[in-house]
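Q: Turn these sequences into a full structure, and let the hints guide you.
Which chain is which? The protein sequence lines are H and X, in order. So the first sequence is numbered by this note's numbering: it starts at 1 and just counts up by one. So the second sequence is numbered by this note's numbering: it starts at 1 and just counts up by one.
These aren't lab readings, by the way, just hints derived from the structure by calculation. The beta carbon of each residue, even a glycine, is placed where N, CA and C say it ideally should be. Treat the hints loosely; a few may be bogus.
Unchecked claim - Derived Cβ-Cβ restraints for the label pairs, each shown as a range:
(1) H/D172 x X/A26: 34 to 44 Å
(2) X/P355 x H/K244: 32 to 42 Å
(3) X/M256 x H/F218: 19 to 29 Å
(4) X/G203 x H/L214: 35 to 45 Å
(5) H/T191 x X/G110: 37 to 47 Å
(6) H/I243 x X/K108: 50 to 60 Å
(7) X/L208 x H/L246: 39 to 49 Å
Unchecked claim - Pulled from the structure, derived: some chain H residues nowhere near chain X, Cβ distances all over 10 Å:
(8) S69
(9) A85
(10) P117
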Amino acid sequence: MNSPTEQEILRARDFWGAIVLFFLSVFFLWRTSFIPLFGQNRAGVSGADWYNSAALVPFGIFGALLVLSLVLMNISIKAGGARLALTRIGIGWNRSEALRFSTLALILFFYIVGLVPRVDFIIGSGLLITALIFGYHGGRSDRMILVTLIVAIAGLYAFAAHLPRSEWKAHDDDWVALALWFGLTLWVLATNRKDRVARAIPIIAILAPTLLVLAMAFGFRQNVPNRSGLLFSQIEYHYFVNIKPLWSR
Amino acid sequence: MDFIFSQLAGFGSAFVALVVDPLTYAHLIISVFLGITFGALPGLTATLAVTILTGFFGNKIPLDYSLIALLGAYVGAIYGGSYPSILLNIPGTAASAATAMDGHPLAKAGRGGEALGLTTTASFIGTLIGTVALLVFVWVLLLISQNIASPEKALLALFGILLSGTLMSEDLVIKGWISGLIGLAMAMVGLDPLLSEPRYTFGWSYMLSGFQVVPVLMGAFAVPQIIDGMRHMNVGQMVALHGRILPNLASVRRYMPTISRSGVIGTGVGALPGVGEDVAGWVSYGVGKTVSKEGDKFGKGSLEGLLSSETANNACIGGALIPLLVLGIPGSPPAAALMGAFKINNVIPGPTIDPDIILRVVAIMVLASFTMFILGLFTAKFFIKILRIPQTVFLPIVMVLTAIGSFSVGGGINDLYLMLGVGFVAYFMNMMKYPIAPLVIGVILGGLFDETFRRSLFLSDGSLGVFVSRPGAAVLLALNIALIAAQIPMLKLGFARLRGKEV
Numbered sequence: 001m002n003s004p005t006e007q008e009i010l011r012a013r014d015f016w017g018a019i020v021l022f023f024l025s026v027f028f029l030w031r032t033s034f035i036p037l038f039g040q041n042r043a044g045v046s047g048a049d050w051y052n053s054a055a056l057v058p059f060g061i062f063g064a065l066l067v068l069s070l071v072l073m074n075i076s077i078k079a080g081g082a083r084l085a086l087t088r089i090g091i092g093w094n095r096s097e098a099l100r101f102s103t104l105a106l107i108l109f110f111y112i113v114g115l116v117p118r119v120d121f122i123i124g125s126g127l128l129i130t131a132l133i134f135g136y137h138g139g140r141s142d143r144m145i146l147v148t149l150i151v152a153i154a155g156l157y158a159f160a161a162h163l164p165r166s167e168w169k170a171h172d173d174d175w176v177a178l179a180l181w182f183g184l185t186l187w188v189l190a191t192n193r194k195d196r197v198a199r200a201i202p203i204i205a206i207l208a209p210t211l212l213v214l215a216m217a218f219g220f221r222q223n224v225p226n227r228s229g230l231l232f233s234q235i236e237y238h239y240f241v242n243i244k245p246l247w248s249r
Numbered sequence: 001m002d003f004i005f006s007q008l009a010g011f012g013s014a015f016v017a018l019v020v021d022p023l024t025y026a027h028l029i030i031s032v033f034l035g036i037t038f039g040a041l042p043g044l045t046a047t048l049a050v051t052i053l054t055g056f057f058g059n060k061i062p063l064d065y066s067l068i069a070l071l072g073a074y075v076g077a078i079y080g081g082s083y084p085s086i087l088l089n090i091p092g093t094a095a096s097a098a099t100a101m102d103g104h105p106l107a108k109a110g111r112g113g114e115a116l117g118l119t120t121t122a123s124f125i126g127t128l129i130g131t132v133a134l135l136v137f138v139w140v141l142l143l144i145s146q147n148i149a150s151p152e153k154a155l156l157a158l159f160g161i162l163l164s165g166t167l168m169s170e171d172l173v174i175k176g177w178i179s180g181l182i183g184l185a186m187a188m189v190g191l192d193p194l195l196s197e198p199r200y201t202f203g204w205s206y207m208l209s210g211f212q213v214v215p216v217l218m219g220a221f222a223v224p225q226i227i228d229g230m231r232h233m234n235v236g237q238m239v240a241l242h243g244r245i246l247p248n249l250a251s252v253r254r255y256m257p258t259i260s261r262s263g264v265i266g267t268g269v270g271a272l273p274g275v276g277e278d279v280a281g282w283v284s285y286g287v288g289k290t291v292s293k294e295g296d297k298f299g300k301g302s303l304e305g306l307l308s309s310e311t312a313n314n315a316c317i318g319g320a321l322i323p324l325l326v327l328g329i330p331g332s333p334p335a336a337a338l339m340g341a342f343k344i345n346n347v348i349p350g351p352t353i354d355p356d357i358i359l360r361v362v363a364i365m366v367l368a369s370f371t372m373f374i375l376g377l378f379t380a381k382f383f384i385k386i387l388r389i390p391q392t393v394f395l396p397i398v399m400v401l402t403a404i405g406s407f408s409v410g411g412g413i414n415d416l417y418l419m420l421g422v423g424f425v426a427y428f429m430n431m432m433k434y435p436i437a438p439l440v441i442g443v444i445l446g447g448l449f450d451e452t453f454r455r456s457l458f459l460s461d462g463s464l465g466v467f468v469s470r471p472g473a474a475v476l477l478a479l480n481i482a483l484i485a486a487q488i489p490m491l492k493l494g495f496a497r498l499r500g501k502e503v
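A: As structure tokens, then:
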């Protein structure tokens, strides 16, 4: 059998896309039916007419999406997409690409959900930068898995140990992430002494988040994540107590 | 005549106010430099540059400085994309894809310095053409827009989404429409603008205020770029640069008609709602190939081909700002990011915008184009050096920038969850060749569409006649219908047959 063209692969994926879109449209049309359309009473107050209802435009949008999902499915079936849809290609399964995407997705997930709210921003971001450059620069799958495990451990620990917002100030998760970052950096330097990129990783990982958070907090005066973090709380304290008075007097 | 003089006087005073402020230069040089860097690094885009800076220049920085930084980065990034196009044959941004067609063959022929010098000059002139058009047409349209009411606004918003979906689709046009509708659907989340009825909040109080524009922009443009770019790739073979990067005035004079034509095309395409610099570059390149005497040399190292695309993509910037400022409808994806910045600063672009802001935007554009020209000529060697930095090294820093930028604009950690969710969805949409720009335009215009559509019906007691009884609305309705009808196979076939009979 000849290998499918890019167009055929696209149509096979469109088949799945159309199915997902169809069910999403139906789901949201059902959810939209909860919004009063014909001026029902709400808590004794008469609602608006149909043409002013909050459901009118959403009904139009999801109705149009439903129709377009059927059109897309029709195009896909006519182009042979349904036939290819259940094959490896139709599902879009490519082992190395699947590994690359899923490890990256996990790293980003644990960074945003676990590290950013709970761990010092410089430490969490330093760990992320080290993990991403080391893990993906050479395109080696063993490195991708290793760095995903490291970020996942740091993120999971922070998430599990300090789930509620009231516990986000705790510092034990900062120490865990710092230890993992330090360990990974040592590993990178020990195993890749001759690699210029590897030698640059610790410099980038320390400088980039530090400069960014300082510029954001004290230059642009914007909000920054986790002000009570292990390093940032010290920086903020010394900025306001020892440095700022130098020009504020 | 009085109108022109008053315009020039207003522009002059805004220009002088900027020129005498030393902080203007600090913001301008840094932002244009950052913009060129973003444009020059393949994998980073002009939209991303403006979006990320929006996070930094939130509502705590004066609006003037925010505008300088964002417009400077926008102008710089569109120009910066030409470096990798010419030297690596890899477009730095989608806007400079057409530039690679002739720029790279020129560089391979040992004329890289000349190509970069001409590109710098053409981008500078193109930006100025777009800016002059902005200064003139924005006022004409503002006068017209005073008569625009809810029906026209609703149909214009719909037209922007449909047109963006139609022109930005690489694959099927309906994918662009689906993308725009998903954006519209996202804009429906939260309290509705007329009755404060909660929609799709699923009991989560954060959702009551709806999806914020900046996290959606960051998620839609940055996260897929990061996921896609984090793969090992050898930096392409860079062509050695011969000759000094200087503007070749003789060539500029010779190709002035091409530059002027491309500037006008770029501005016109930019003024279309939701259509960006990449379309402007390709349209101008296509027109140039058709009308030029040396059309057969296009794609083989033609200076005219290079100038056609490079002038148009920069002229598009001024054009894209016209619908943004006059109607509140972004003319391109980076302009959509700019709209996010306006919203953060409580400036509502549209017929009620403060005219001083428009004059300041024009003055900033002129200064930004001068800065781009000077930086382009004197620091080109630096930008050529950074082309060697692998994506796997700078994209992790972009991820950190995105996270802190998204967090800082107000919504806190929930905005980061939203950014990540939108990012994953946008990645899969990219993979299946759904354009992302219509989605973002949909999110931005969704609220306007919902409010004005229902208000129109409310004022007419539910009569749909309100969309045809006003001349402006009738024209816009006809355009919307034509845009959809043009894609229906049966109608396409009918038109083709009719054309066949005429012949």
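Q: Each of the hints needs a verdict: does it hold here or not?
A: A quick look at each hint next to the structure:
1. H/D172 x X/A26: 34 to 44 Å: 42 Å, holds
2. X/P355 x H/K244: 32 to 42 Å: 39 Å, holds
3. X/M256 x H/F218: 19 to 29 Å: 49 Å, violated
4. X/G203 x H/L214: 35 to 45 Å: For H/L214 against X/G203, whose Cβ atoms are near 38 Å apart, the range 35 to 45 Å holds.
5. H/T191 x X/G110: 37 to 47 Å: The hint (37 to 47 Å, Cβ to Cβ) holds, given that H/T191 and X/G110 are roughly 42 Å apart.
6. H/I243 x X/K108: 50 to 60 Å: 53 Å, holds
7. X/L208 x H/L246: 39 to 49 Å: 44 Å, holds
8. S69: 8 Å, violated
9. A85: 13 Å, holds
10. P117: 5 Å, violated
Figure legend: structure checked against the earlier numbered hints; hints not met, in rising order: 3, 8 and 10.
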